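Visitor: Residue strings, one per chain:
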Amino acid sequence: MYETTYHRPASIDEAAALFAKHPEAKYLAGGHTLIPVMKQRLAAPSDVIDLAKIKEMIGIEATSDALIIKAATTYYDITQSAAAKKAIPAIVYLTSVLGDPAVRYRGTIGGSIANNDPAADYPAAVLALGATIKTNTREIKGDDFFQGLFSTALEDNEIITSVSFPIPAKAGYAKMRHPASRFALTGVFVAQTKSGEVRVAATGASQNGVMRVPAIEAALKANWSAGALDGVKISADGLMSDIHGSAEYRANLIKVMAQRAVEAAG
Amino acid sequence: MSTVKLTVNGKSVSATVEDRTLLVHLLRENLNLTGTHVGCDTSQCGACIVHIDGKAVKSCTTLVGQIDGANVTTIEGIAKGDQLHPMQAAFRDNHGLQCGYCTPGMIMSAIDIVNRHASDLDEETVRQELEGNICRCTGYHNIVKSVLDAAGRMKVAQAAE
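Residue numbers (our numbering), protein chains in the order written: chain A, 1 to 266; chain B, 1001 to 1161.
Honestly, the hints are just simulated from the structure, not real lab data.
One or more hints might be untrue.
[Stated by the list, open to error] In the DSS-like style, the derived pairs of lysine-lysine whose C-alpha atoms are separated by at most 30 Å in a straight line are: (1) A/Lys86 to A/Lys39; (2) B/Lys1145 to A/Lys39; (3) B/Lys1055 to A/Lys26; (4) B/Lys1080 to B/Lys1055; (5) B/Lys1011 to A/Lys85; (6) A/Lys55 to B/Lys1005; (7) A/Lys53 to B/Lys1011; (8) B/Lys1005 to A/Lys85; (9) A/Lys26 to A/Lys86; (10) B/Lys1145 to B/Lys1080; (11) B/Lys1055 to A/Lys53; (12) B/Lys1011 to A/Lys55; (13) A/Lys85 to A/Lys39.
[To be verified] Where chain A lies over chain B, by a calculated footprint (3+ residues, C-beta under 8 Å): (14) 1042-1049; (15) 1083-1091; (16) 1108-1116; (17) 1124-1132.
[Stated by the list, open to error] Selected chain B positions facing chain A (in silico; Cβ < 7 Å): (18) Val1057; (19) Thr1061; (20) Gly1065.
Keep in mind that this is a model prediction, so the values were computed, not measured.
Even for Gly, the Cβ is constructed at its ideal location relative to N, Cα and C.
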């Protein structure tokens, strides 16, 4: 790791002010992506600004319409939250199969979403549930947030402060876990909104990161059941192909994981 | 350079180190606590796991600044004098290790697992919960046996206290 200077601001404003002073800085949350990348010398921020201890960025609230998770809330705290379990159990399930226990103690929802790894789990939930990302300067619709591999609508100095998930009528998540990395070889989040809209998002599959799956949405809109997807064929065009699985394999996984997710959603 | 203050295995520690210092390096190189191992160095194998404020986390993926003021327990800090921690004793009695490289991380994770699943610990849960710790010798069978055995011993030890 190259040399860097560590900062622990006490507030969001203080963190943003530090970034303004150090344009080559990076924000640090759980650190389970940034620190490994710094160790490989693929990132060399002059300064790291730690957001994980900022109190106004930690916590979970549920209203009758939405589950709001503040950005520096750890995966572990999400899995333990009675409010989250009651509001959107699929989010708690997704979190419980993310990484391993030591990762879940440190990783944060804001860090995962800001990083937008093409095989990360939360982007699928954000897109399928039509969540809103709140930052220190604005609100960004989930539909506009993810912009391809590791890129998002965020400005370099912008800080995600919370994510607001509308509470759906039904939601479920299923993924084929890579057995070593526990990332999604393909994961699918299915949701039916309270107004009856069906939204389905797949992660780990597309070369451009998380994506909606219109063919599955249309089939589930007509008939919300795993069986309704039996005849659906997903194209392998634009899907990832690597040593872990071909594009065709992932195309089939999208269907199978969607079926499992529908069964989980009930 | 920054000065960090920690409590490590019950003792106050103050160290002035570069900001890029990882906790595992502070433990091994500055404090000579070499029981904590570096395995993969890519945050996947769990050999470096220690307890920070009671939670089992990867010390190779933690900058010392992130835990300034924290309470750290390493494998060296869990026995009471000559008396092994029940988890250590169970690993010994069940042949829960072969080369021993992963063992400190396994034991620190396993204690955390038992603490979190006091009453509902079964084999499947242990296997799931240990997925952040990689062992290349044992095939995990005796490790799982050790953790289940220790869970019973820890309950007895707690009741006695």
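Visitor: Next item in the hint list is glycine 1065 of chain B. Is there a CB on chain A closer than 7 Å to its CB?
Guide: 4 Å, holds
Visitor: Quickly compare the C-alpha distance for lysine 1055 of chain B and lysine 53 of chain A to 30 Å and report which way the hint goes.
Guide: 16 Å, holds
Visitor: Between the alpha carbons of lysine 85 of chain A and lysine 39 of chain A, is the straight-line distance 30 Å or under?
Guide: 36 Å, violated
Visitor: Given the hinted pair lysine 53 of chain A and lysine 1011 of chain B, is their alpha-carbon gap at most 30 Å?
Guide: It holds: about 24 Å lies between the C-alpha atoms, which stays within 30 Å.
Visitor: Closer than 8 Å, Cβ to Cβ, for at least three residues: run that test on the region 1042-1049 of chain B against chain A and report holds or violated.
Guide: Answer holds; 5 residues pass the 8 Å Cβ test.
Visitor: Please count how many residues of the region 1124-1132 of chain B have a CB within 8 Å of a CB from chain A and say whether that reaches 3.
Guide: holds (count 3)
Visitor: Does lysine 39 of chain A sit within 30 Å of lysine 1145 of chain B, going by the straight-line distance between their CA atoms?
Guide: This hinted pair is violated, its Cα atoms lying about 35 Å apart.
Visitor: Within 30 Å, alpha carbon to alpha carbon, are lysine 86 of chain A and lysine 39 of chain A?
Guide: Distance of about 39 Å is beyond 30 Å: violated.
Visitor: Measure nothing beyond the straight line between the CA atoms of lysine 1080 of chain B and lysine 1055 of chain B; if it is 30 Å or shorter, mark the hint as holding.
Guide: Measuring from Cα to Cα gives roughly 20 Å; hence the hint holds.
Visitor: Quick one, are lysine 1145 of chain B and lysine 1080 of chain B close enough, alpha carbons at most 30 Å?
Guide: 23 Å, holds
Visitor: Given the hinted pair lysine 1011 of chain B and lysine 55 of chain A, is their alpha-carbon gap at most 30 Å?
Guide: Answer holds: lysine 1011 of chain B to lysine 55 of chain A is near 28 Å, not above 30 Å.
Visitor: Is it true that the CA of lysine 26 of chain A sits at most 30 Å from the CA of lysine 86 of chain A?
Guide: Violated. Lysine 26 of chain A to lysine 86 of chain A sits at ~35 Å, over the 30 Å cutoff.
Hints 1, 2, 5, 8, 9, 13 and 15 from the earlier list are contradicted by this structure; the remaining hints agree with it.
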